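Engineer: Using the sequences plus the hints, can you model the full thing?
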Amino acid sequence: MSGTLPKRPPLGGGTQTGQSSSKKQRFIAAVKTLLDITKETSDAFPPLKSCLGGISALIKHYEEYTDVKEKLSDLAPWVEKLEVTLVKANLSEDPDEVDRRSQLAQDLEDIGKRSQALLDKGKLARVLDKTRDSGEVMKLLEKLRQAILIYQVSQGQSIYNQLNQLTSRFDAVLKLNRESPIEKKVEFVRARLDRFRDERKTSRNADELRRQKNLYESLEGIKDQLDLLSKQDDEGTDEGTNTTAVSDLAEDLRDIILDYHFSQQKAIYNQNCTLIVTADSLVLNNCRQAQAAEFLHGDRRGCLKGTREVVLDEIESWSKDYSLSPVYWLNGLAGTGKSTIAQTIAERLFADERLGASFFCSRDFEDRRDLRYIFPTLAIQLAHAHPEFRSILVPLIRSKPSIVHESLCNQMESLIVGPLSRLNVSTVIIIDALDECADEEPQSAILSVMGRLVEGIPNIKFLITGRPEPRIKSGFRLGLLRPLTDVFVLHEVDPSVVNTDIRLFLEHGLHEIAKRQSIDQDGWPTDGYLDLLCERAGGLFVYAAATLKFLDHSFALASEQLDVIIRAPGSTTHEGQAQLRLGATLDSLYLSSFKTAFSRTTAGDDEKVRLVIGAVVLAVNPLPPSAIATLVNLGQRQVMNLLQLVQSLLKLSEDPDIPVLPFHKSFPDFITDPLRCSDTRFHIPPRAGHLKLALNCLGLMNSRLRQNLLSLPDYSLNSEVEDLKGRIDDVVGKALCYACRSWHYHLTEVKEDFAVVVPPLRNFLQERFLGWLEVLSVGGSVNDAVVALEKLILWLQEVAKDHQLLLTARDYFQFVTNFFEVIDVSATHLYHSALELSPLTAMVRKLYYHQRPHPSPRVVFGIQDSWNPPTAIPNNNSYLSSAWSPCGKFIAVMVKKVAEIWDALTLKPISTLQLTKEINGYMPGLAYSPDGDSLAGCSDSAIIIWDTQTGGEV
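Residues 1 to 954 (the UniProt record's numbering) are what the sequence shown spells out, left to right.
Source of the hints: derived by calculation from the structure; they are not laboratory data. Quantities reported herein were computed from a predicted structural model and do not represent experimental measurements. It cannot be assumed that every hint is accurate.
To be verified - Heads up, simulated DSS-like pairs for lysine-lysine below, C-alpha to C-alpha not over 25 Å straight-line:
hint: 1; residue 1: Lys515; residue 2: Lys651
hint: 2; residue 1: Lys651; residue 2: Lys734
hint: 3; residue 1: Lys734; residue 2: Lys791
hint: 4; residue 1: Lys400; residue 2: Lys889
hint: 5; residue 1: Lys791; residue 2: Lys801
hint: 6; residue 1: Lys665; residue 2: Lys595
hint: 7; residue 1: Lys692; residue 2: Lys651
hint: 8; residue 1: Lys751; residue 2: Lys608
hint: 9; residue 1: Lys143; residue 2: Lys121
hint: 10; residue 1: Lys113; residue 2: Lys139
hint: 11; residue 1: Lys608; residue 2: Lys692
hint: 12; residue 1: Lys213; residue 2: Lys143
hint: 13; residue 1: Lys791; residue 2: Lys889
hint: 14; residue 1: Lys801; residue 2: Lys751
hint: 15; residue 1: Lys121; residue 2: Lys49
hint: 16; residue 1: Lys305; residue 2: Lys266
hint: 17; residue 1: Lys595; residue 2: Lys608
hint: 18; residue 1: Lys305; residue 2: Lys515
hint: 19; residue 1: Lys213; residue 2: Lys266
hint: 20; residue 1: Lys751; residue 2: Lys889
hint: 21; residue 1: Lys213; residue 2: Lys305
hint: 22; residue 1: Lys595; residue 2: Lys692
hint: 23; residue 1: Lys266; residue 2: Lys320
hint: 24; residue 1: Lys889; residue 2: Lys801
hint: 25; residue 1: Lys139; residue 2: Lys121
hint: 26; residue 1: Lys139; residue 2: Lys49
hint: 27; residue 1: Lys791; residue 2: Lys751
hint: 28; residue 1: Lys791; residue 2: Lys692
hint: 29; residue 1: Lys651; residue 2: Lys608
hint: 30; residue 1: Lys651; residue 2: Lys595
hint: 31; residue 1: Lys223; residue 2: Lys213
hint: 32; residue 1: Lys665; residue 2: Lys305
hint: 33; residue 1: Lys121; residue 2: Lys223
hint: 34; residue 1: Lys320; residue 2: Lys305
hint: 35; residue 1: Lys113; residue 2: Lys49
hint: 36; residue 1: Lys113; residue 2: Lys143
hint: 37; residue 1: Lys791; residue 2: Lys846
hint: 38; residue 1: Lys692; residue 2: Lys751
Structural biologist: Structure, rendered in structure tokens:
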């Protein structure tokens, strides 16, 4: 057979319409392809002829099975490409090619034998076993696909040899021009050659084969483009143009390798997570951890190719050099791109097997703005990444589960420093947007802890990003941490470098928008417009990103929207203040977005838009449009329409059940600040917004909550209820769940005009309290009731000053804390046990005893008259002294030479305070500071003061 193949019609051709006819045409074309190849490849590769002959014969018996037909249709192009390759390689005497064809022949012969075994069955047996055997046919087709994949990936040069050749060609360019921008990119590729050499053995895993095949083909593309550039050089093409093109190719090569290793490591990481022993998995899954805090989760995007190279190279160099500082602070104002850079670094380190763990803080999510979640979440990720770390962590948590609830100092020492100090591991841990965490300390609590402990793990590096807020700056200036930290200030990068990156970002985004909207890109936008946009960005990538979102609005043409931006003023009331002026044009852009949106509404819609946007920017946790509609008492379609008017400012899905988020954290800052949002039509005063949300939450609970809302069987435990989550989703819904968990947060933000909220609050406490506890019980959130009542008591004391409601709230607090475990495990036992056993004079008994189910056993004797006084510490000679925290939630106890903090409800230790120096004798005296932030202890020889949040000495 000659090296030229006869032409065959393309697969899937035909003129019939309709999905079924299209599938039929593909199948017919696929069968014809197999038959043609069976006839034509006898000289090129006999094993393929034999294998395809068996497959073709089998298909005749199983063509009525849709999955078999579709599998064959998908496989035919693979076989056709293999045929072309085999014809080209037929005369090759290269030993490696001979070995590859030999392995392919063995695989094909095995498939042929299995096919023949099915064909050799008697006619009756084939009929009886047809359904089962169709599955065997599917397996044979998959084996054929894998055999082709293995051959194609290993055919020709290996990936290692291919990379080696490409590196040599780029090195030749470097010899001619040592200042070429490709040098670092080639170094990156060269550093990975050994890794590819170690991975030369072809994998049989289907996904890995696909990755290798895609990589091989991408490298072929780079090689072809280099050949073309070499040809142009020979023809005397402009040298400067080719230098730029070669640099771009080197960057493409680096990104291709990064993408390959990233997807490879992601597959390995996911596999490690699924292979964890069930018992270990249960221990880790039951730990306190933040959802979606890892860089792999969510829709976070990295830097656009070719941008932020200066800072990315700087951080990568730091991450590799363990002689440099162990801590790196990426310091930048809002909108300078810190999180995007952190995401890119995380992806690169992950692809290079050097990322230990990551935590992306976010004030939008309760668990990702809570400092107490950071170290447990990082530890669990380290356990997934390193089996040896897991073997230390799991027994530790199993023996002391309370460690994930202890002080930050104890958490870092036990969960991070302890295990890592026992291992020979070098890795990088990333904490992004630390400034978004709630922290009442004047100096960052987590940085205070790191300053004391980070030197205990010398091969571990921490990359931390955050705005230069006072507590963050103070934390990095601490005496212990300052000499251990390198700092990169994003807003001090050469403006020309940043502007070049922003221009590239805008050009790319505008090009994509023009394609989507079919805009003629010839002269749009003009260079003048681009210059103006870059100037207005003022170094803020968020301005560029917000501009692109505004232009991509679904209700207007990008060309019209761009004119709106250009006509808008370039600044607001911030003129004259350097740091604020940096974001002035961003505020102007946000105002333009609102003015455009409100121009399409009637006057009556203005308040509704503010109501809906208020629910987005002030919610404790993100809400979906469907829940917002229920909460603010508007139609779902109406809410979606209103949100779409300002979609350029939001992360909004077409699915109304997916939470809506602000486009960027700077947007809530803008819309709630009267100095920045200068147009009062759009400004959302936080306290007024919280008042509306508090009223909406209370109104929803008062209208929807009732006894046994979920129709649970009497005396049932929550764990015994079939499909409890499904019942909660169907009956309670997201809006009511949110109201039950968050009403107190909005209420306690109300400092003025509180009188309007007192009547619905009284109605809630007197008629819906137990219904509220039911929802929290089935949702596993009874602890929210404790927090809510604590905050309510303080609010009633300090703001509302309503004595009767205060007495009621205190009574309810006693009820919840005394029967916490009962309520936590069973919503129905609220009535059967907790209410039945509550004191005779308890307010909750007086108001709700009539709601006991009938018939129900009654306790006739032994019920106490009133609640017990505050819990007493158990009598134990080891306890030398104690002190109650001002808030009443904690008890500090001195046990010999160890100070502990206990949960006042459970009397269980939640934190051990550190002693860094030896003291003589015991420490019989303990006292809290009035604000509860510090605890002092004294002995005969010393006075020690602890920070109660970090657990460390002050």
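Engineer: Given the hint that Lys320 pairs with Lys305, test it: the Cα-Cα distance must not exceed 25 Å.
Structural biologist: holds (22 Å)
Engineer: Within 25 Å, alpha carbon to alpha carbon, are Lys665 and Lys595?
Structural biologist: holds (20 Å)
Engineer: Holds or violated: are the alpha carbons of Lys515 and Lys651 at most 25 Å from each other?
Structural biologist: This hinted pair holds, its Cα atoms lying about 22 Å apart.
Engineer: Verify the proposed pairing of Lys651 with Lys734, using a straight-line Cα cut of 25 Å.
Structural biologist: holds (19 Å)
Engineer: Need the status of pair Lys113, Lys49: alpha-carbon distance at most 25 Å?
Structural biologist: Measuring from Cα to Cα gives roughly 13 Å; hence the hint holds.
Engineer: Does the alpha-carbon distance linking Lys121 and Lys49 stay inside the 25 Å limit?
Structural biologist: Cα-Cα ~22 Å, so holds.
Engineer: Please verify whether Lys692 and Lys651 have alpha carbons no more than 25 Å apart.
Structural biologist: holds (23 Å)
Engineer: Under the criterion that the straight-line Cα-Cα distance not exceed 25 Å, is the pair Lys305, Lys515 satisfied?
Structural biologist: holds (19 Å)
Engineer: Under the criterion that the straight-line Cα-Cα distance not exceed 25 Å, is the pair Lys266, Lys320 satisfied?
Structural biologist: Holds, because 21 Å separates the two Cα atoms, which is no more than 25 Å.
Engineer: Does the structure keep Lys213 and Lys143 at a Cα separation of 25 Å or less?
Structural biologist: The given pair, whose Cα atoms are some 16 Å apart, holds under the 25 Å limit.
Engineer: Does the alpha-carbon distance linking Lys791 and Lys801 stay inside the 25 Å limit?
Structural biologist: holds (14 Å)
Engineer: Is the straight-line distance between the alpha-carbon of Lys651 and that of Lys608 25 Å or less?
Structural biologist: holds (19 Å)
The structure fails to meet hint 33 from the earlier list, while all remaining hints are met.
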